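Q: The lines below spell out each chain.
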Amino acid sequence: MNAHAPLPALETGCDIRQERGQRAVFCGLTGIVWLHRKIQDAFFLVVGSRTCAHLIQSAAGVMIFAEPRFATAILDERDLAGLVDANEELDRVVARLIERRPDIRLLFLVGSCPSEVIKLDLSRAAQRLSRSFHPDVRVLSYSGSGIETTFTQGEDACLAALVPEMPRAAETGAPALLVVGALADVVEDQFARLFTDLGLADVAFLPARRAGTLPAVGPNTRFLLAQPFLAETARALEARGAKRLPAPFPLGAEGTTGWLAAAAEAFDVPAERFARVTAPGRARAAVALDLYRERLAGKRVFFFPDSQLELPLARFLSREMGAALIEVGTPYLHRQHHAPELALLPAGTKVVEGQSLDAQMDRCRSEKPDLTVCGLGLANPLEAEGLATKWSIELLFTPIQGYDQAGDLAELFARPLKRRARLEV
Amino acid sequence: MQLTLWTYEGPPHIGAMRIATAMQGLHYVLHAPQGDTYADLLFTMIERRDARPPVTYTTFQARDLGADTAAIFQNAVGEAYARFQPQAMIVGASCTAELIQDDPGGLARALDLPIPVIPLELPAYQKKENWGASETLYRLVRALAGGTPSARDGRRPLCNILGPTALGFRHRDDLVEVTKILAALGIDVNVVAPLGATPADLGRLGAADFNVVLYPEIARAAGLHLQKTFGQPMVEIVPIGVQATIRFVEAVAAAAGVDPAPVLAGAPSRLPWYSRSVDSTYLTDKRVFIFGDATHALSAARVAATELGFKVVGLGTYTRELAREVRAEAALYGIEATITDDYLDVEAAIQAAGPELVLGTQMERHIAKRLGLPCAVISAPIHVQDFPARHSPQMGFEGANVLFDTWVHPLMMGLEEHLLGMFREDAEFHGAAAPSHLPRHGVAAPQPVAPAPSVAAEPILLTWATDAEKELKKIPFFVRGKARANTERFARERALPLITVETLYDAKAHFGR
Numbered sequence: 001m002n003a004h005a006p007l008p009a010l011e012t013g014c015d016i017r018q019e020r021g022q023r024a025v026f027c028g029l030t031g032i033v034w035l036h037r038k039i040q041d042a043f044f045l046v047v048g049s050r051t052c053a054h055l056i057q058s059a060a061g062v063m064i065f066a067e068p069r070f071a072t073a074i075l076d077e078r079d080l081a082g083l084v085d086a087n088e089e090l091d092r093v094v095a096r097l098i099e100r101r102p103d104i105r106l107l108f109l110v111g112s113c114p115s116e117v118i119k120l121d122l123s124r125a126a127q128r129l130s131r132s133f134h135p136d137v138r139v140l141s142y143s144g145s146g147i148e149t150t151f152t153q154g155e156d157a158c159l160a161a162l163v164p165e166m167p168r169a170a171e172t173g174a175p176a177l178l179v180v181g182a183l184a185d186v187v188e189d190q191f192a193r194l195f196t197d198l199g200l201a202d203v204a205f206l207p208a209r210r211a212g213t214l215p216a217v218g219p220n221t222r223f224l225l226a227q228p229f230l231a232e233t234a235r236a237l238e239a240r241g242a243k244r245l246p247a248p249f250p251l252g253a254e255g256t257t258g259w260l261a262a263a264a265e266a267f268d269v270p271a272e273r274f275a276r277v278t279a280p281g282r283a284r285a286a287v288a289l290d291l292y293r294e295r296l297a298g299k300r301v302f303f304f305p306d307s308q309l310e311l312p313l314a315r316f317l318s319r320e321m322g323a324a325l326i327e328v329g330t331p332y333l334h335r336q337h338h339a340p341e342l343a344l345l346p347a348g349t350k351v352v353e354g355q356s357l358d359a360q361m362d363r364c365r366s367e368k369p370d371l372t373v374c375g376l377g378l379a380n381p382l383e384a385e386g387l388a389t390k391w392s393i394e395l396l397f398t399p400i401q402g403y404d405q406a407g408d409l410a411e412l413f414a415r416p417l418k419r420r421a422r423l424e425v
Numbered sequence: 001m002q003l004t005l006w007t008y009e010g011p012p013h014i015g016a017m018r019i020a021t022a023m024q025g026l027h028y029v030l031h032a033p034q035g036d037t038y039a040d041l042l043f044t045m046i047e048r049r050d051a052r053p054p055v056t057y058t059t060f061q062a063r064d065l066g067a068d069t070a071a072i073f074q075n076a077v078g079e080a081y082a083r084f085q086p087q088a089m090i091v092g093a094s095c096t097a098e099l100i101q102d103d104p105g106g107l108a109r110a111l112d113l114p115i116p117v118i119p120l121e122l123p124a125y126q127k128k129e130n131w132g133a134s135e136t137l138y139r140l141v142r143a144l145a146g147g148t149p150s151a152r153d154g155r156r157p158l159c160n161i162l163g164p165t166a167l168g169f170r171h172r173d174d175l176v177e178v179t180k181i182l183a184a185l186g187i188d189v190n191v192v193a194p195l196g197a198t199p200a201d202l203g204r205l206g207a208a209d210f211n212v213v214l215y216p217e218i219a220r221a222a223g224l225h226l227q228k229t230f231g232q233p234m235v236e237i238v239p240i241g242v243q244a245t246i247r248f249v250e251a252v253a254a255a256a257g258v259d260p261a262p263v264l265a266g267a268p269s270r271l272p273w274y275s276r277s278v279d280s281t282y283l284t285d286k287r288v289f290i291f292g293d294a295t296h297a298l299s300a301a302r303v304a305a306t307e308l309g310f311k312v313v314g315l316g317t318y319t320r321e322l323a324r325e326v327r328a329e330a331a332l333y334g335i336e337a338t339i340t341d342d343y344l345d346v347e348a349a350i351q352a353a354g355p356e357l358v359l360g361t362q363m364e365r366h367i368a369k370r371l372g373l374p375c376a377v378i379s380a381p382i383h384v385q386d387f388p389a390r391h392s393p394q395m396g397f398e399g400a401n402v403l404f405d406t407w408v409h410p411l412m413m414g415l416e417e418h419l420l421g422m423f424r425e426d427a428e429f430h431g432a433a434a435p436s437h438l439p440r441h442g443v444a445a446p447q448p449v450a451p452a453p454s455v456a457a458e459p460i461l462l463t464w465a466t467d468a469e470k471e472l473k474k475i476p477f478f479v480r481g482k483a484r485a486n487t488e489r490f491a492r493e494r495a496l497p498l499i500t501v502e503t504l505y506d507a508k509a510h511f512g513r
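Chains as they are written, first to last, in this note's numbering: chain S, 1 to 425; chain G, 1 to 513.
Calculated from the structure, these hints are not laboratory results. These numbers come from a predicted model, not from an experiment. Honestly, I wouldn't trust all of these hints.
Claimed, not checked - When the alpha-carbon atoms are kept at most 20 Å apart in a straight line, the in silico SDA-like pairs for lysine to any residue are as follows: (1) G:180 - G:246; (2) S:390 - S:362; (3) S:119 - G:65; (4) S:243 - S:276; (5) S:119 - G:180; (6) S:119 - G:101.
What the hints assert, rightly or not - From chain S, some residues computed to sit far from chain G (all C-beta separations above 10 Å): (7) 38; (8) 92; (9) 93; (10) 96; (11) 114; (12) 185; (13) 187; (14) 203; (15) 213; (16) 216; (17) 280; (18) 358; (19) 375; (20) 377.
Stated by the list, open to error - To give an idea of the chain G side of the interface with chain S (calculated C-beta under 8 Å), a few residues: (21) 5; (22) 65; (23) 69.
The C-beta atom is built at its ideal place from N, Cα and C for all residues, glycine as well.
Based on the provided sequences and hints, a complete structural model is requested.
A: Quick look at the structure:
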């Protein structure tokens with residue numbers, strides 16, 4: 001389940017280190033908070049403890065009362081006594097849930113640390129429940145447990161569970177493009193328009209907005225990862241014959257151009273057409289980024305590990321905004337998927353995979369960065385120590401990909417600096 | 001297995017964190033999987049603390065499972081001791097670590113650290129947050145409490161204050177008010193615990209003459225232990241509301257052997273006069289539904305009924321440990337208590353009771369918003385806005401002032417909204433306009449979004465006769481919504497599909513007001 005395959009180290013100019021110890025990161029359950037909004041007829045049922053329910057409640061904040069499509073089946077003592085009983089209990093809870101929410105078409109049973117440790121077999125439960133609710137509701141399972149997944153890896157596990165459900169694509173004819181990774185609807189629509197303008201006829205997105213409209217996949221499928229945390233999903237797609245197009249991730253104008261270019265090259269789009277189609281976006285992004293460059297140029301930035309978005313974000317900040325990188329932490333580093341990013345990072349960039357929290361905080365304090373990108377558990381304590389911070393979770397909930405969000409992305413980093421400069425108290 | 005969306009309480013180790021974070025010089029090593037550090041956010045974001053909670057997590061992962069996790073735990077304890085140099089430590093397991101059955105107490109003991117290391121047994125699959133806080137405080141007090149009271153000759157009486165924690169609803173400001181009262185009575189405070197106390201301070205608990213327990217859910221067990229061990233009497237009156245504060249002052253004064261009269265003289269709270277002033281007359285018999293932790297729900301019910309003149313039409317708690325007290329209190333109002341930790345049950349109870357004001361937690365705030373009802377927050381769980389920058393106690397005489405303003409404010413807003421609704425109606429001639437801040441649901445006919453099983457479907461389709469509708473418009477705007485609702489309820493109960501002028505007045509006669 002862990003992100004990176006044991007590959008030989010690539011030749012990069014970066015200084016890549018690994019660190020182990022206490023980790024201040026979310027578990028994969030958190031992915032539910034944005035995934036359920038993307039797949040509009042899916043429901044996410046966590047099988048876990050009160051802690052899991054409490055986590056989702058804390059992460060979802062005020063959203064929890066907008067009739068969200070997620071919940072927790074809280075294990076109690078009786079469930080721990082014997083597995084047979086737990087399975088019957090799960091069936092009862094699911095039946096009650098589906099009765100209450102007849103609009104659900106796809107139900108994810110999401111594994112947690114407690115359910116993994118007691119080895120409750122959720123994949124068998126999903127098969128069993130799928131049979132009993134066929135054809136109205138499809139039931140799938142994946143693990144969002146903290147012992148197996150970190151934050152965004154929950155999305156990876158979820159999408160990987162969808163891959164076997166995707167219809168088989170025709171093996172002859174023109175190849176199709178699949179864009180993988182949950183994007184805000186507005187971003188997805190922008191990318192769809194760009195691909196159309198580039199002349200790509202057959203472009204689909206995973207996850208689809210509705211469970212019943214999963215795109216097809218097969219040897220004729222080329223896929224672009226829109227997010228950097230999709231190791232398992234990519235592996236599952238490759239197992240079905242699809243081919244990954246190596247590209248930087250579509251953050252910032254440069255990343256977006258590189259990402260689109262990977263598709264354009266694979267689908268033989270003429271260079272002139274590519275330049276013409278991307279020109280307006282590049283021009284708008286250039287104008288938007290100019291607004292924030294002065295604020296960010298030369299600023300020394302420190303990334304704590306959180307989402308695996310850290311490398312592409314660091315690349316954007318350093319190359320397009322002129323920031324200096326002190327340390328780029330990432331919970332996992334998939335060397336192959338990140339190869340184009342590593343190649344673009346300034347030589348000597350210090351990349352740290354994993355975490356030993358107190359040691360990393362010591363390094364951060366001694367470096368006194370101008371801006372520290374970190375989770376909400378660290379942000380206020382570091383601010384109180386005099387460091388400007390940007391809380392990283394926002395980067396998952398805000399549309400940041402593509403040309404027209406490049407300025408917004410820069411603004412997210414510029415705002416805390418502007419605020420620090422503004423406040424006189 | 002219980003199907004859950006909202007939980008009123010976190011798991012018990014969150015309660016232990018609330019104690020550890022409240023204290024100084026104490027460190028908590030929690031055997032927990034990667035991801036459980038989310039709990040830090042509650043303290044750094046919701047309570048806006050400026051330092052990380054004093055908690056080290058082992059954050060084990062799947063690859064560590066097996067013999068490795070015990071070693072990881074021991075390393076974490078050793079490193080936390082070396083780095084933070086605490087006066088004492090607490091060690092324990094979260095829900096997942098409870099399953100893998102490493103023994104935090106035994107493993108920590110084997111390290112033979114030169115400080116007290118107190119193991120916590122917090123059964124995560126049976127108990128919850130407040131129990132965890134209570135148990136942790138009790139274990140700390142049991143392990144560390146020491147000292148003896150000195151002879152009384154000449155010195156001022158001395159007491160401990162037990163109960164305020166991190167992430168407690170208004171604990172910071174309640175403590176200020178209670179300390180102020182004690183100072184005015186000439187009583188010195190020996191130790192406040194856990195908020196701001198060190199393990200060394202707990203070692204002085206025995207020196208006090210008596211204990212003040214502010215939040216029974218959290219500190220009763222510790223108070224009882226001190227009573228047994230040091231013979232310290234315990235004052236357990238929760239001083240929320242004017243009368244409760246007076247009883248509190250009297251009880252504390254009695255325990256200390258001082259005169260309460262100077263503190264009670266004059267008009268220490270504005271609530272009684274505000275409540276008697278004619279502007280408050282319209283508060284009489286306002287139907288109020290109350291839900292929260294037992295301490296705050298019980299106090300709120302008494303204040304609502306006897307200090308503001310409301311009619312308590314619903315009372316409940318998620319604190320099962322104090323269910324008996326809440327049931328007894330509810331019986332005084334002729335109602336049955338709602339004892340549940342399922343917010344859907346609470347929503348159904350609110351709908352069934354038909355209140356005009358809801359006093360509750362963050363969840364009830366959302367329920368009330370959906371039902372188009374005014375609401376004020378009286379209890380945890382709460383969100384960031386209920387850790388205000390301004391002084392905002394619930395306890396003591398100033399707390400009573402805060403309660404008056406906080407509870408009456410949404411009702412005043414309700415009047416304003418009706419006023420706005422009337423003007424809009426006059427211009428556009430439609431009576432179903434909802435208050436402007438509640439665009440989707442009318443006040444009279446709230447629609448539950450989630451199917452609530454206990455709410456029966458409404459079979460009768462009601463029609464208002466034209467002359468009855470006209471007559472309704474003659475009723476003053478500020479009671480018109482209520483008149484409409486009452487009339488429709490009356491018609492429904494009697495299966496009258498057409499509401500005539502007669503129905504309107506029959507209903508008025510039936511319900512009064």
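Q: Quick check: which numbered hints come out false for this structure?
A: Of the numbered hints given earlier, those the structure breaks are 4, 5, 8, 9, 10, 11, 18, 19, 20, 23, listed in rising order.
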